[in-house]
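Build out the structure end to end from the sequences listed, making use of the hints.
Here the numbering used here is used: position 127 in the sequence shown is 127, and no number is missing along the way.
Mixed in with the good hints there might be a few duds.
Claimed, not checked - Label pairs and their in silico Cβ distance ranges:
| id | residue 1 | residue 2 | range |
| --- | --- | --- | --- |
| 1 | S99 | T10 | 28 to 34 Å |
| 2 | E22 | K62 | 18 to 24 Å |
| 3 | G100 | R11 | 38 to 44 Å |
| 4 | E55 | Q87 | 21 to 27 Å |
Treat the hints as calculated values from the structure; they're not laboratory data.
We treat Cβ as the ideally placed atom computed from N, Cα and C, and that holds for glycine.
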Amino acid sequence: MSEIIRPPFTRETALKKVKVAERAWNTRNPPHISLSYTPDTIWRNRDTFLQGREEVVKFLTKKWEREHFYVLRKELFAFTDDKIAVQFFYEWNEKADGSGQWFRTYGLEVISPFEPAALFVDFLPAL
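Put into structure tokens, the structure is as follows:
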């Protein structure tokens with residue numbers, strides 16, 4: 001079983017938490033990813049607002065039906081005892097055979113607050 005990384009964060013634990021999240025997202029497994037968030041998580045992705053794991057799973061499933069060869073990179077931007085700021089980018093192709101247009105998205109996200117089990121409460125990236 002993987003270690004639960006809880007606040008207060010050090011540079012080492014903040015880096016580890018970022019890389020654990022990166023690995024989870026790169027599985028492209030929506031049910032697995034949703035378990036990193038609280039059952040009543042609140043998400044914003046551009047103009048889409050979601051609440052709860054079930055909506056997150058539906059959203060990510062639909063996202064990856066059209067975003068092929070998706071690869072995400074997350075880098076620690078800053079941290080405090082109880083917050084982590086992440087710079088991220090991801091790339092994807094519009095066609096399943098890779099012959100389509102490639103896209104790259106950049107953004108920042110502040111990961112806070114964390115609940116007692118160290119799950120993410122909100123996902124509000126700035127894309």
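Exercise for review: Please name the hints from earlier in the document that this structure breaks, with their numbers sorted from lowest to highest.
Suggested key: Violated hint (a single one): 1; every other hint is consistent with the structure.
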